[in-house]
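Protein sequence lines correspond, in order, to chains U and Y.
So the first sequence is numbered by numbering that gives the first Met the number 0: it starts at 0 and just counts up by one.
So the second sequence is numbered by numbering that gives the first Met the number 0: it starts at 0 and just counts up by one.
Bear in mind the hints are in silico, worked out from the structure with no lab data behind them.
Backbone N, C-alpha and C define an ideal beta-carbon position, used for all residues, glycine too.
Hints may contain errors.
Stretch-level coverage of chain U by chain Y, calculated; a stretch enters the list once three of its residues show a Cβ under 8 Å from a Cβ in chain Y [claimed, not checked]:
id: 1; region: 53 to 65
id: 2; region: 87 to 93
Okay, the calculated beta carbon distance ranges per label pair [to be verified]:
id: 3; chain 1: U; residue 1: I15; chain 2: Y; residue 2: T625; range: 44 to 52 Å
id: 4; chain 1: Y; residue 1: R645; chain 2: U; residue 2: A10; range: 15 to 23 Å
id: 5; chain 1: Y; residue 1: S666; chain 2: U; residue 2: T53; range: 20 to 28 Å
id: 6; chain 1: Y; residue 1: T625; chain 2: U; residue 2: T53; range: 51 to 59 Å
id: 7; chain 1: Y; residue 1: V638; chain 2: U; residue 2: I15; range: 27 to 35 Å
id: 8; chain 1: U; residue 1: A10; chain 2: Y; residue 2: V618; range: 17 to 25 Å
id: 9; chain 1: Y; residue 1: R615; chain 2: U; residue 2: R24; range: 50 to 58 Å
id: 10; chain 1: Y; residue 1: S666; chain 2: U; residue 2: A80; range: 39 to 47 Å
id: 11; chain 1: U; residue 1: L18; chain 2: Y; residue 2: V636; range: 23 to 31 Å
id: 12; chain 1: Y; residue 1: L658; chain 2: U; residue 2: R24; range: 54 to 62 Å
Residues per chain are reported as follows:
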Amino acid sequence: MDIVWYLVLSALIFCIGALGVLTRRSPLVILISLELMLNGGNLALAAFARMTGTSDGQVFALIVMIVAAAEVVVGLGLIVAMYRSRLPMDVDEMSELKG
Amino acid sequence: MSATTYAWLVIAFPLAGSIVIALGWRSLPGRTAGWIGSAAIGLAFLNAIAALVQLQDKPAGARHLQSSLWDYVSTVGINAKLGILVDPLSVFMILVVSGVSFLIHVYSVAYMDSDRGYRRYFSYLNFFVFSMLLLVLAGNFVLLIVGWAFVGFASYALISFWYRRRTATYAGIKAFVINVVGDVGLVLAAILLQRETGSLEFAGVFSRAPHVFDRNEWLIVAICLLILVGAFAKSAQIPLHTWLPDAMEGPTPVSALIHAATMVTAGVYLIARAHPLFELAPTAADISAAIGALTLLFAASVALVVTDLKRIIAYSTISQIGYMIMGVSIAAYSAGLFHLMTHAFFKALMFMTAGSVIAAMAGEQNIDRISGMRRALPFTFRAFLFAALALAAFPGFAGYFSKDEILGFAAERGGGYWIFFAVGTAGAVMTGVYAFRMIFRCFAGAPNDEALELERGELPHGEHFNPMTGEKEDTDVGFPGPEHHIAERERPMAVPMLLLALLSLGGGLVQIPGATHVVEHFLDPSFTDSPLAQISTSSGIEALALIAGAAASLTGIGIAYLFWVRNPGSSLRLAARLRGLHAFLAHKWYFDELYDVVFVRPARTLGQVASNVFERSVVQGLVGGTAFAVRVGNSIVRVVQSGILRYYALLLLTGVSALALYFLAVSR
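Assemble the whole structure, with the sequences as input and the hints as a guide.
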């Protein structure tokens, strides 16, 4: 099967994720969208690994999953902390760092 | 122990004394600090004697010992050690310095008793002596400059000792600034010597100099003139003399220390130490001798009209140092150093007696106000008489032999050097006049109120006024304390004065022309390399110098007698008739006014221009411009920092996409 289809699918997932990050305001959905972007990247890495017949791309994908897991831990921790302190669940409201 | 070990101890004791007093000032009751300080200097003196004994044990050719503790710098071409040089010249100097300083310390124990800064005073005093001993024992130019600068600092600290007195702090600053001018000259000379001879050690420089420099080559003359700048600043010679009269703002024993033992003799020592260089540059030596002669005339003439007791003595010091500078510059090394020694005795004594008189007058220093102290202060009077006779070179007293030896040597050199003989003799007449002017004005005549009070057994306690400006003094910081101490009542003051009076009388006996040659023979190993020093004065010229000296001295004393005893008031009439000359002398030949116009005012104008024009337009423009640029820049960048997370994400994505597109385009 041609690698192009895998790459198209991967780009599609990445763009959906990016659009989600840019358009949604709930931090939880943004986190999910981020995961979509990462997995889009992972799909491309796995496809390239398959194409070249080496395992380098698969190792990369595994490392990205580990990083993604760590990131989700931090992100969910922040979201739980926000719930606890009854902050509005809207990233646009959190703009205290403006110059 | 060897001579060098003793010499290290000579330096170590005053330093230790200074540190002990400085650290323990809180827990030293009464006069303890004074006795600790005196003991430190006394031990230094004993070690100096031990070094002398050790040195004399060696054969004459081997009396040149070097020792170093560690290297300051050791690199290509430069090797500066913490090293000392022990030879007859330096041992002679440490003996004079530590001996006279010890007596001044003992005197101060009582004199400064009621001063609030008693412990600070002795800490400074010990440091001063330490610096001077370091200076004369230094075995290379680096350590010499270190000692040189320490002496400058110590004099600053002691001249400004009564720091509530504004004139005293100004005088201290003046002394320090002029001394730094001298330091710069000395440092430049040392750098040039290092460049030309490749050494900083005295021994290396002086042995290589004759091979490196041609006789009277411009470079060696320049180096010698730079050394002279240093020597003149410390020794208060024209044109760097103006700090010394102002240095009278310090306590009187400090004046004794500066004038007799520690500071002003440094220049004389330096010229004697650097004599191999000066003999290579006869032009510089002649300039130095001429300035010495000019200074001795100038200072003696000013001393004739000044009315402040301490300032008369200060000008007499400048004049006597002029004799010494003249002496060592015309290669009369042993004579010049002999005069340094006798001068240390009688000048220390003179300041001690002056201190006693000033204490008896409750701080008053103007000789117009002092009179008839003869019976009120019998001991001080006799001591002052001895000092004045020695200063005026009265036949038989110490100053007589030393001064006439210098003049005899000048005559022996012949030719143009006769001028120095003539100037020196004229100066001797004036010396007699001003020395006995002090005696006749202060001790003869009708007793004044203070003297009468003293004769009844009371010590006057007036309010204190600054002798220079007439401002009321803040006696909380000391001067001279609520109590006054006079030699008649204080054993620690009287004993040093008695010893110095005996030395003023008998100090000249060690070197009577044609009879004894103790100083000359002792110093000989330091000057064997000098052909000029081997000239010995013929007996005919010696006799001429002695007779001329005696005649000059007696003439001077006679003139003083005529003016202030036989015809009192005639001096005022003479001053009124020669008003121009009197004003010229009373303004100290207008040196201070000249410096004000040449240096002070231009510097102040420059400062004002810098503050008004440069500071306002250039500096403030630069600073303000920078701030403006930053403000404009940040107002642009601030727009991006909206604080909204999704904008940041968009910016990030756009940036990454742009980069990716760029690389895609490039890779094609």
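For each hint, the structure was consulted:
Chain Y is given as covering the region 53 to 65 of chain U, and this is violated because 0 residues of the stretch bring a CB closer than 8 Å to a CB of that chain, at least three being needed. Only residues whose beta carbon comes within less than 8 Å of a beta carbon in chain Y count, and the region 87 to 93 of chain U has 3; three or more means the coverage holds. Checked against the hint of 44 to 52 Å, the pair I15(U) and T625(Y) passes, with Cβ atoms roughly 49 Å apart. With their beta carbons about 21 Å apart, R645(Y) and A10(U) fall inside the hinted range of 15 to 23 Å.
For S666(Y) paired with T53(U), a C-beta distance near 22 Å keeps the hint of 20 to 28 Å intact. Separated by about 56 Å at the C-beta atoms, T625(Y) and T53(U) satisfy the suggested range of 51 to 59 Å. Roughly 30 Å separates the CB atoms of V638(Y) and I15(U), a value that falls within the hinted 27 to 35 Å. For the pair A10(U) and V618(Y), the supplied restraint of 17 to 25 Å is violated, since their beta-carbon distance comes to about 60 Å.
Distance hint check: the CB atoms of R615(Y) and R24(U) are about 55 Å apart, consistent with the given range 50 to 58 Å. Between S666(Y) and A80(U) the Cβ separation comes to about 44 Å, which falls inside the hinted range of 39 to 47 Å. For the pair L18(U) and V636(Y), the supplied restraint of 23 to 31 Å holds, since their beta-carbon distance comes to about 28 Å. A C-beta distance of roughly 27 Å is found between L658(Y) and R24(U), which places it outside the suggested range of 54 to 62 Å.
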